[in-house]
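Chemist: Go ahead and model the full structure; you've got the sequences and the hints to work with.
Protein chains in written order, with the numbering used here: chain A, 130 to 277; chain B, 39 to 150; chain C, 15 to 651; chain D, 141 to 505; chain E, 30 to 318.
Hints in this document: simulated from the structure, not taken from any laboratory.
Don't take every hint at face value.
To be verified - So, partial list: chain A residues that the calculated Cβ filter (under 10 Å) puts toward chain E:
1) Asn134
2) Asn175
3) Gln181
4) Pro207
Using N, Cα and C, we set each Cβ at its ideal position, and we do this for glycine too.
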Amino acid sequence: MDIMNKARVKSPWVLHFNCGSCNGCDIEILAALAPRFDVERFGIINIGNPKQADVLLVTGPANRRNFRVLKNLYDQMPETKVVIVVGSCGSTGGVFYNCPNVLGGVDKVVPVDVYVPGCAARPEQIIDGFILGLQKLAEKGKKKVEGR
Amino acid sequence: MPKMLSKVLKSLITKPATVRYPYVKPEPVPGTRGKITFDMKKCDLCQDCERVCPSLAIKIFPDEKRIEYSPFRCLYCHLCVESCMQMAIIPDVVVGAPAFEKVMDIFKTERR
Amino acid sequence: MYGELIVATNVLLPLIMGLACLGLTGRGIRRAIIAIMAASLIASSLLLFYSGGFVYSPNYLVEMSALILGFCLVAYFLYVGFRIKNVLVIGLTLLQILLVAYFEYSAIGVSVEPALMVDNLSIFMSLIVNIVGSMICVYALSYMDEHEEILQLSRSRQPRFFFFLLLFLGAMNGLIYSNNILWLAFFWEVTTLCCYELIRHDRTKEAEKNAAVALWMNLTGGVALSASLFVSYYAIGSIALNELLMAGAAPILLLSFAFMALAAFTKSAQFPFHGWLLGAMVAPTPVSALLHASTMVNAGVYLILRIAPAIKDTHLTWAVVLVGAFTFMLTAVLAISQRGSKRILAYSTISNLGLIILCAGLNTPLAYSAALILLLFHAISKGLLFMGAGVVENRLHSQNIESWEGLLGRFPLTAIIMIVGMISMFLPPFGMLLGKWAALEVIASSPPSIVFLLIIFMVIGSATTTLFWARWLGRLIILPVKETKLRAEKLHPPYLLSLLSLLSLDLFISVGAAFFISNLVNPTVGGGYSVQIGAPLFSINTTIGSFPVLLFWLAVGVIFIAGFAVAKSKGGVVKPPFLGGENVEGNPSAFRTMADTEAEFQVSVMSFDSIGEGRLNKYALVGGTLLLALLFLMVMF
Amino acid sequence: MNEGTVVNVNTVIPFGPQHPVLPEPVQLRFKFEGERIVDVVPNIGYVHRAVERACELNDYKRNVTLCERICGICNFMHAMAYCESIEMITDTEVPERAKYLRTIWSELGRLQSHLLWLGLFVDSIGFESLFMHLWRDREIVLRLNEKTAGHRIQLSTCTIGGVKKDMDDRLIAEYRSSLAELKKRMDNLAPVFVKDRGVQARLVGKGILPKNKTSLLGAVGPTVRGSGIPQDMRTLGYEAYSYLDFKPVVYDMEDAYSRMLVRIGEIYQSIDLINRALNQMPNGPILQKNTVFPRGTAITRIEQPRGELFYYVAGNGTNKLERCRIRTPTLANIPALVTMLVDHEVADIPPVLLSVDPCVACTER
Amino acid sequence: MPDPVLSYALPVLLLAAFPFIGGLLRGIDRKITAHMQSRIGPPVLQPFYDVIKLWGKKPFITSQFQPVLAFGYLGFSLMAAAILVFRLDLLLLLFTVATADVCLVAASFNSKSPYSHIGGMRELLSVLSYEPVMIMSIISIYFATRSFLVGGIFSLAYPLLLLLPGVFVAMGFVLIVEMKKSPFDISASMHAHQEIVRGVFTEFSGYTMAMVELGHWVKMMLILSIMAYFWAPNLLIGVGLALLLFFVSLVVDNIYPRLTWQRMLKTTWTFGFTLILANLVALFLLGGV
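Modeler: Listed below in structure tokens is the structure:
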């Protein structure tokens with residue numbers, strides 16, 4: 130199923146969830162969609178609907194209220210899927226490490242495949258993150274085929 | 039007459055504003071706040087940077103003469119650079135790269 | 015002899031059996047009566063179909079008794095008028111008495127030869143009336159039991175109900191066989207009586223009120239019919255329908271036809287007389303089904319179809335077209351703002367009747383057969399839909415289509431019957447669409463003076479029709495995640511018998527539409543005209559288009575089989591809907607909201623309040639009245 | 141068994157927390173009667189990180205960084221408000237040049253924020269190409285940010301007692317030329333917002349906030365300026381605004397369109413203010429080091445892109461603050477938003493919702 | 030060329046090519062749109078990657094009926110295309126398209142989801158807004174050719190466009206609605222964010238979405254083909270014209286914001302009706318028919 134994997138890598142649809150970040154990374158994600166960086170070159174669309182998404186793009190740390198939402202969104206995404214965390218606070222808790230309501234990085238709630246550092250992460254980094262995420266996506270797709 | 043028409047048609051014939059990023063790497067703007075590296079020759083393990091770091095990205099173990107720096111915690115604010123009296127922290131213009139794992143950068147002093 | 019037998023089974027037997035129902039109140043006996051009645055009605059109408067038309071003239075005694083009965087009937091209306099203190103009813107009845115009495119006085123001993131004349135149109139109508147009508151009677155057996163259970167009546171009123179139900183069928187048969195206009199008027203009034211009594215059956219305040227409205231509107235029709243009788247007698251000296259039709263279109267006769275058209279509009283609930291049919295929705299559902307599918311409204315359409323050839327190429331025919339077109343469009347638009355299941359059905363009926371009248375008015379052979387096709391399929395589908403709606407109503411205790419949500423999961427059998435019924439109303443390759451297809455072709459080939467107006471009415475009407483059916487359909491097929499395995503619910507045998515037989519009839523004649531059109535519709539229209547049937551009953555052709563019915567059904571079958579195959583092979587995990595990430599585990603139709611409380615989300619159908627009844631009804635009334643005025647003006651000049 | 145005409149089952153739908161129109165997680169529960177919204181229940185707290193509490197746990201100097209991360213869009217202003225509060229308590233006199241620089245950078249932040257908002261706003265009414273064009277031009281501002289402080293979003297230049305970075309002549313020239321370029325681009329695009337019939341059809345008369353109700357509902361910022369009330373914290377003359385002859389931009393159509401006009405006006409105004417500040421900026425030091433721990437309380441009110449930002453800081457003479465209370469403009473605008481949304485249809489939700497420029501990250505801290 | 034080839038093989042070939050050309054056009058559409066927004070945009074083959082990927086995803090459905098109905102959308106679209114290429118009745122084509130739409134709407138109503146319900150309702154409204162225009166266009170074609178059969182267009186000696194320019198333009202509205210482009214993208218849009226998430230597509234995922242997407246291409250191609258038939262004597266010119274209108278619809282997409290359903294209905298009906306009626310009146314007055 131080579132062609133399937135190729136298609137998978139060529140067409141990652143993104144679900145973006147702001148999980149308690151400061152908006153910095155979110156606007157950079159949007160900026161990545163905007164003309165200057167234009168991630169649609171890689172077939173990336175911000176689809177806004179977990180049921181059709183392949184990539185869950187999370188920004189910000191998980192907190193006691195939204196971890197449930199994050200989990201739910203992750204569950205509603207069909208396989209194959211990858212989770213990319215954008216920003217330092219999403220990866221580890223970052224500057225909010227000692228905020229009482231913050232649980233920490235996103236990886237405490239859902240399995241994370243790619244971490245993108247930065248506060249706020251630059252569009253270039255987000256693109257780099259996507260490239261790694263797509264590698265992971267291809268790997269998962271291959272595994273799925275072999276697993277059958 | 040729709041106001042957008044001329045803009046749209048003009049964009050159609052002019053070159054796109056896109057930077058083809060992963061293929062064409064743009065020159066980083068001087069002064070970009072990027073990753074830091076420790077010059078362990080200069081560092082005296084004073085822990086100033088650890089204290090000033092807002093996100094606990096730098097951990098200094100003076101006994102083991104070891105510094106752990108996590109680019110995945112770092113805010114790239116360069117407060118540590120400003121606070122370092124020894125000028126032992128060298129800022130880079132390149133930001134930490136995305137990765138599958140949150141690996142730490144570990145700096146060890148050669149002096150024993 | 016043959017004819018007398020058929021008249022007896024179709025007209026008198028229902029009356030006798032109805033009286034039997036009134037006398038023998040046992041449930042089992044009633045069931046037996048209805049079963050016999052249904053069987054004999056269907057058998058006799060089929061017999062009629064195979065034997066062909068006949069004429070029949072009763073002797074003087076029968077005629078006299080009909081006259082006396084007629085006066086009794088009018089007297090009863092007068093009594094009703096005084097009882098419900100309705101000036102309109104009293105006035106109209108008095109007018110009626112005056113007209114008929116004067117007529118009988120001045121034209122004493124006028125006799126019509128033949129009094130009953132059964133031609134192909136009558137046979138066609140009789141098939142619809144008897145088959146669909148008797149299915150509705152069977153259905154009513156179960157329905158009325160449930161209905162009275164819900165109302166918790168101490169004493170059953172069913173005998174009365176079934177008496178009128180059967181009388182209705184008998185009167186309807188009489189109506190379509192009559193050649194004597196006086197007889198026609200008599201049966202006309204009998205149907206009015208039955209309609210009135212059935213609407214007020216539940217004796218609620220609303221029922222009484224709406225029944226009164228239905229009464230005066232239909233009495234208007236009766237008076238118009240009497241007026242037509244009057245005019246035609248003075249114009250040609252005869253009150254035989256066939257002579258009137260043959261006499262051609264002299265201006266004075268046009269007036270007679272105009273009165274008939276007016277009478278037909280009241281019965282068929284065209285604008286501005288649509289009020290009574292909507293009001294009639296308070297009656298038990300079999301009544302609505304009967305009114306809509308087989309009897310009452312079809313009487314009006316029948317009359318229009320009957321007079322259509324005679325008014326060909328007159329101004330009157332265009333007025334009829336306009337009334338039909340206007341009603342078709344506006345009721346379809348009105349229907350999209352409705353939430354009551356029976357109201358939507360009622361509007362859809364009026365709309366489709368409008369289309370039939372439009373086609374009848376256009377008066378080309380193709381138009382005539384389009385009208386017949388529509389009439390045929392509409393009767394079956396609408397009967398089915400009303401019966402299904404009644405079953406659902408008795409289960410849900412509500413007519414609001416909001417409460418139909420997820421019917422597919424709750425009552426799969428009824429839901430599927432309803433869904434097929436709905437699809438048959440607005441999607442190909444069912445018969446209604448065949449009729450609409452023909453109607454579109456007819457309209458496109460109508461004269462340039464009127465074609466633009468008709469096209470606009472037609473396109474808006476048919477687009478809104480799609481909208482309101484699909485909207486309702488969408489309510490039914492909601493399938494909450496919980497209910498993944500469907501299990502058919504239990505239905506009473508009369509329900510099952512009537513629903514499934516109509517459903518299969520609908521499917522059967524839709525699949526074999528070509529056959530039925532060639533054998534049923536074409537003979538009615540008259541030789542040589544109308545739609546042609548393509549090679550081995552495969553497709554239906556006109557001079558300007560073709561509809562490959564069987565091929566279409568085949569394609570639909572292939573698509574759905576392939577669809578099921580794909581669904582089967584790919585399978586899938588059933589997942590709760592997307593709710594912004596705040597789903598509640600275990601309850602797919604709830605979400606977490608403020609302070610982590612759980613709230614059920616609801617989606618109601620779009621209501622279109624801005625173009626609802628309140629806004630459009632006055633246009634409907636004004637427009638309808640103006641068009642009626644136009645109708646008479648056109649006759650005058 | 142009624143006739144089935146009147147019984148209205150209401151439509152109740154959740155809007156968010158994950159919703160493509162709104163990049164931020166906030167949930168609004170809408171209740172409709174027919175197609176009309178009759179009730180809106182906001183459900184917030186998805187971004188709550190308890191920053192105010194964390195401010196009490198941290199060293200007060202480190203809070204500058206934390207406050208900057210309250211909101212990525214108006215990061216500089218949060219930092220500035222916090223620094224001003226601390227400066228007020230500790231009686232630190234900020235050098236003139238630093239005041240000008242802060243003014244310039246906060247106006248730059250406003251430019252960035254308004255451009256961002258305009259893009260999202262038109263995207264919410266389905267005008268994707270305008271969004272793209274606007275965001276292309278927004279890169280000019282981000283480029284300036286990058287050249288100033290080495291980062292596109294987080295300036296991290298404000299510190300207690302002044303600013304950390306200075307501007308040299310080359311950068312000032314860069315600012316001038318970039319802003320001139322931006323102004324040219326805006327001149328090109330603004331007519332689309334202001335005059336396009338399609339945009340007007342979606343915005344005019346939507347989300348009415350009557351002038352006499354603004355104070356009752358406590359709305360702030362461009363939301364009230366769109367209702368004809370010249371309320372703007374910059375008129376208080378903090379930092380260098382007192383030298384800049386500042387007048388708020390006010391429109392009085394009271395609807396979403398009016399609020400958009402206010403923001404477009406403010407984009408031009410910001411460009412103008414930055415240019416004037418660059419002209420007037422004196423030379424001199426940029427940082428006045430302070431050494432005392434804060435003792436006492438201070439209130440700061442500054443004008444964020446979304447309205448009035450309010451900081452209350454109480455120090456007790458240690459390196460930890462006793463209390464840091466932040467009131468953000470979006471929180472103040474939520475009651476107004478709820479009243480605005482009533483009586484609209486589903487399609488009008490995004491433009492009306494975005495017309496107050498909700499910043500949930502600020503609101504929930 | 031032998032007759033059976035011309036009358037059977039060619040149409041079948043054309044029918045098979047419909048989804049491919051449709052997908053390619055979607056790719057070109059996205060590329061041009063991107064360039065209009067001064068971006069580079071995805072590769073032209075992007076829509077195919079999307080569909081293949083969707084096909085390979087783990088299937089999530091909302092009920093057993095959903096995939097069947099989604100397939101119904103594709104199937105009926107293809108059937109409508111078949112009616113066109115085999116030169117059958119145009120009214121039949123219209124009914125088939127309506128059936129396809131109802132399948133899609135039914136599939137979206139099938140799940141109990143608020144967004145897909147509102148989206149489905151809006152999809153019905155967009156059907157409501159384009160169906161009258163479509164019927165009128167077809168009736169206009171009848172006026173020009175005196176036949177409802179597609180073959181009638183070909184038996185005409187001169188191009189249909191010369192007789193029915195207004196109808197051709199009005200078909201443009203249908204095209205935009207059908208392509209779910211701004212300003213008529215109320216039920217779902219491909220890119221710009223909707224207040225109702227993905228509208229009618231919200232609850233589709235994996236292969237159901239892929240089928241819907243394919244059906245979408247076929248329907249787009251269907252409208253474009255009808256447009257191409259407006260210059261039936263030389264289909265190359267017809268295709269050029271259709272592509273021109275396709276391009277115009279992309280431009281329109283980029284210069285208008287989304288309308289509300291009321292305005293959409295008003296716009297399509299007033300403009301569509303006026304154009305078509307004016308065209309027809311002119312046709313009658315000039316004695317063309």
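Chemist: Look at each hint and say if it fits the structure.
Modeler: To see whether the hints hold, each was checked on the structure:
1. Asn134: Holds, about 8 Å.
2. Asn175: 8 Å, holds
3. Gln181: 5 Å, holds
4. Pro207: At 4 Å from the nearest chain E Cβ, Pro207(A) passes the 10 Å test, so the hint holds.
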